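J.: Chain by chain, the residues run as shown.
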Amino acid sequence: GNSVTQMEGPVTLSEEAFLTINCTYTATGYPSLFWYVQYPGEGLQLLLKATKADDKGSNKGFEATYRKETTSFHLEKGSVQVSDSAVYFCALHSGAGSYQLTFGKGTKLSVIP
Amino acid sequence: DAGITQSPRYKITETGRQVTLMCHQTWSHSYMFWYRQDLGHGLRLIYYSAAADITDKGEVPDGYVVSRSKTENFPLTLESATRSQTSVYFCASRGGGGHSYEQYFGPGTRLTVT
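Order-wise, the sequence lines are chains Y and A. Those letters in the first sequence? Residues 1 to 113, per this note's numbering, in order. Those letters in the second sequence? Residues 1 to 114, per this note's numbering, in order.
Because the hints were derived from the structure by calculation, they are not lab data. Keep in mind the model is a prediction, meaning the values are calculated, not measured. Just to be clear, a hint being listed does not mean it is correct.
[As the list claims (entries may be wrong)] Dumping the calculated DMTMM-like pairs for lysine to aspartate or glutamate here, alpha-carbon to alpha-carbon at most 20 angstroms:
| no. | chain 1 | residue 1 | chain 2 | residue 2 |
| --- | --- | --- | --- | --- |
| 1 | A | K11 | Y | D55 |
| 2 | Y | K60 | A | D38 |
| 3 | Y | K105 | A | E79 |
| 4 | Y | K105 | A | E102 |
[Said to hold, decoys possible] The following residues of chain Y were derived to be distant from chain A, with all beta-carbon distances above 12 angstroms:
| no. | residue |
| --- | --- |
| 5 | A17 |
| 6 | L19 |
| 7 | T28 |
| 8 | E42 |
Built from N, CA and C at the ideal position, the CB exists for glycine as well.
Chain Y with its partners taken away, still in its complex shape (with noise of 0.2 angstroms):
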């Protein structure tokens, strides 16, 4: 079955560092992926998307690239800030014939200034 693993968090960064969230999945045929963000309090939002393999995915300043040989997505911001702190969710749907997202577990993201 397909399935979603992120690297387990809480992370705490400094404002302005480097943001990696790692991401890899398992799926039958050629899955679209997601992230989503979480504010606290509220519900999920899209971030970015993918839908074939090499494509990036960005917005608000972070990308992701579908790397279909290392069955990855990871997610990465050049500077993060304060009001990104969230938890991040990354998704995939596997396509036509399916009806659900598959999420992984959520990586909580606190930036300190």
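Got chain Y; can you put chain A on it based on the hints?
T.: Positioned in the frame of chain Y, the structure of chain A alone reads:
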């Protein structure tokens, strides 16, 4: 307002009571989903619906009932609430066409069963 809304946002109920959580979306999305979020378990799918009057079980359906008489609404009912159903519940939706599989989430309902 456009989007996906949930009500109530917070609910406290007693063991054994019936409680219904409401979900409404204004996009006319075909698919709707209910998840629960618990520490250590991440997000788990309870039920989903592919269209009005079509529903199916997800990963953790026991103790829950859903209906979908209208495309825009997808209520979740706990028939006899238990303490293990204390959780944060999220509703989500997505369109049915093309290859866009991303889901859009509501703000959540925090349910406490005492």
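J.: Indicate, hint by hint, whether the structure satisfies it.
T.: Here's how the hints hold up against the structure:
Under the criterion of a C-alpha separation no larger than 20 angstroms, the hint pairing K11/A with D55/Y is inconsistent with the structure, at around 42 angstroms. With a C-alpha separation of about 28 angstroms, the suggested pairing of K60/Y with D38/A is violated against the 20 angstroms cut-off. Annotation: proposed proximity of K105/Y to E79/A is violated, straight-line Cα distance about 28 angstroms (limit 20 angstroms). Annotation: proposed proximity of K105/Y to E102/A holds, straight-line Cα distance about 18 angstroms (limit 20 angstroms).
Residue-level check passed: A17/Y sits 25 angstroms from the nearest beta carbon of chain A, beyond 12 angstroms. Interface exclusion of L19/Y from chain A stands, the closest Cβ pair being 20 angstroms apart, more than 12 angstroms. Remark: the non-interface label on T28/Y is consistent with the geometry, its nearest Cβ contact in chain A lying 15 angstroms away (cut-off 12 angstroms). Consistency note on E42/Y: stated as away from chain A, yet its beta-carbon is not over 12 angstroms from all of that chain's, at 6 angstroms minimum.
In the structure shown, a violation is registered for the earlier hints numbered 1, 2, 3, 8, in ascending order.
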